[in-house]
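*Asks:* Below are the chains, spelled out letter by letter.
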Amino acid sequence: MIKLQNVHKYFFKDEPREVHALNDINLTIEDGEFTLFSGPSGCGKTTLLNAIGALDSIDSGKIFLDDKEIGSLSEHERTAIRLHEMGFVFQAYNLIPVLSVEENIGFIMKLRGFRESEIKQRVLEVSSMLEIDNKLSSLPHALSGGQQQRVAVARAVASKPKIILADEPTANLDSKNSQKLMDMMRELNEKEGVSILFASHDDLIRESVRRIIKLNDGALVDA
Amino acid sequence: MFSLALKNILFYKGRSITTFVLTFLSTILFVVYVSMMDGSHKSMLENTLKIYTGAIEIYHKDYRDIGGNEYLIQDVKTITDKLLHVEGIEAFTARYETYGLLSSAENSAASMVAGIEPDKEKAISSISLALKEGAFLSDDSGSCLYMGEGLVQKLKLKLGGEVAFVGGASDNSFAADIFKVCGIFKTGSFEFDLSTSFVSRSYFDKLMLSQNKASYITVKVDNLEHVDTINKKIVQTLDSEKLESLTWKTLMKTMVEAMEVDSIFGYISLSLFLIVIFFVIMIYGFINVSSRIKEFGVLRCIGLCNSNIFSLLFYEIFILSTLAILLATPIAGTICYYYSLNPIVIEGIAEMYKDYGIVSDEIPFDFDIFTITWNLAVIYGLNFLSILYPYVYINSFRPIEATKHV
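Top to bottom, those sequences are chains A and B. 1 is the number of the first residue of the first sequence in the numbering used here; add one for each residue after it. 1001 is the number of the first residue of the second sequence in the numbering used here; add one for each residue after it.
There's no promise every hint is true.
[To be verified] In silico DSS-like pairs for lysine-lysine, Cα to Cα no more than 30 Å straight-line: (1) Lys3(A) <-> Lys1404(B); (2) Lys1294(B) <-> Lys120(A); (3) Lys162(A) <-> Lys1404(B).
Keep in mind the hints are simulated off the structure, nothing from the lab. Note that the structure is predicted; figures quoted are calculated from it, not measured.
Only chain A is shown next, with the shape it has when bound in the complex (with noise of 0.2 Å):
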C-alpha cells in the first residue's frame, strides 16, 4: 500500500519563479491497482510518481511505502527499495547505451541477483512479448524511438517487481504496439499482482485503467 499525507513540492522555491508541484496531497494506493494520474501538461503527474518512487524528495508531508515512510530513509535505503520493489518506466527511456536490448532488460533482474537461466527466460519472455525479440543483440541507438520505449517497459516489467511507475508508456508507440503494451500491464496486474501507477495523458490508458487520479496545478481533483 502506498499512503500519502499531506504532500508539498515546491520547485525554485522563496524564488519568484517558485512552482507549487504538489499541493497537500492525501491518498492512499492498495497493493494491486491499475491506476492513472492524469491532468493538464504540468499539473505534477511526473513530480508525484517521481516521489512515490522515491526518485525525488517532498518538502512536507510524508509518504508510507507499506509501513517505511520513504522520507526518513537513507539513500541506500531507498536505492534498495527501488531496485528491489519498484519498476520505472521512464519518459525518456532512459536505457543504459553500453548494453545491448537484452542486457538491459535483464540489468536489473542481475542487480538482484536472479540466475542467469531465470533471467534469459524472462527476458525473452518479455521482449518476444513486446516484439522486440528480433532486437535482443542491438545496442539502444541502433533501435527506433517506438522501440526503445519497448525495451524500457521490458526493463520495469522484467524482474516483475511489487510497483509499476510508468510515465508516459505509450508516449512513443504506435496503437497496435500501445495496446499490446497495455494488455501486458494489464496481465501482469491480474495474474501478478503488480501495482500499476501511469501518468500520461494517453486515451487507451485512460479506457485501460481501473481508477483515474487527476490533478490540476499540483493538487488533487479527482482521486
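With the hints as your guide, set chain B onto chain A.
*Replies:* Relative to chain A, chain B alone:
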C-alpha cells in the same frame, strides 16, 4: 560492475585511449627518470668512494674533530689483524696523512701528503687508475711523489721535477725532504687534484716516524648496501673505546645532503609532470563522466547505490591503468636494465659538473625491482585518485535530476 565497466571502456573509446596512452607514457617516463636519477647518484657515490674515501674509515677518537699526532692510531697491526676476520670486508689499508708545505723552484703551496701502501691502495681506491703522466707508486718507489694535476700546475712543476717538503713528523719534530714528481694524477675532483700528493709509506714512515701508526684505516666492503651492518661488526670486533668506525654516510655528509637535495628537486620536477598527467587524466575522466551524468542518473534510479557507482568508476580506471602499466613496465624495465649495463655517455659532462663530484661522462641507470614497484604503485595511486572528483560530481546530482542532465 566489472563487465559494465569493460563495456563502458569499449564504448567510450576516445576517453579510454587517452587515459591508456597517458598512463602508459607517464609510467615509462616515471620509471626511467627515477632509474636515471638513482643511477647517477649511485654512480656519483661509487666514483667518489672509489677515488679515495672508503666505505668505512676507522679513526682514533677525536682525530677528526681535534686532530694532531696524539690522536693517531698507534697500533695498526693489531687492528688490521682483527679486520681480517670481519665478514663483508673486501680490502683495507692504513693511511698516514699530514699537511705540509711543498715548494718548487718557482712556487709554494700547502698540500696534504699521504703515505699510502701502493699495492693495497690499488684494491681500495681508483687513485692508481687516475694516472695521467708517469707512473703510480710502488713499495720501493722511495721519494717519488704522486701528485694531483692541479697541484703540479700550481707549483709549475713537470714530471721528474723536484719539490721540497716541510712538515711535522708524528713525534711533533720537523720533517723535511726533497721529493721527485714520478706520477701525475687527475681524478676529476677539482679540490682533490689541487691539494693532494701521495708517497709510498715504506719511505714516508721513515721520514715521519710513523711506523705502525696511521691517521686512519680505510675499508672497502663487498656490498655498499650492507655498509651499516658491516660497520657494526667492525665496532664489535675492535671493541675499543678509543676507536671509532664511521661509514661514508657520516664521512661524506655534505655529499649525502647534496644528493638528497638533488633527489628532492628531481622529485619536485617529476611531481609537476605527474600532477599535469594526473589532471589531464582527471579532466578527461571528468569530461567523460559529465557526458554520462544522465546514464549514471538512470543507473541510480533503477537501483545502483553510490558504492556501485564508485565500483564502476574504479573498475574502469583499474582496467585501463592495469593494461597500460602491464604494457609499460616491461618496456621501462628493459630501458632501465639496458642502460644500467650500457650507461648513456654524454661527452664533457664530468668536466662541466666536476665540482659536484661527477668524475665520469657515463650516466648509468639503476635497475632495482623495488624502486620500479613503488613507481608503479604511485602511477596506480594517481589514477585511482583521479576518479574521486568525478565521483563526487556524480553524487552532487539527485538521481532524477541527473536523468534530465544534458
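*Asks:* Is Lys3(A) close enough to Lys1404(B), meaning Cα to Cα at most 30 Å?
*Replies:* Judged against 30 Å, a Cα distance of about 27 Å means the pair holds.
*Asks:* Need the status of pair Lys162(A), Lys1404(B): alpha-carbon distance at most 30 Å?
*Replies:* Status holds; Cα separation ~25 Å.
*Asks:* Against the 30 Å threshold, does the CA-CA distance of Lys1294(B) and Lys120(A) hold or violate the hint?
*Replies:* 27 Å, holds
Comparing the model with each earlier hint shows no violations; every hint is respected.
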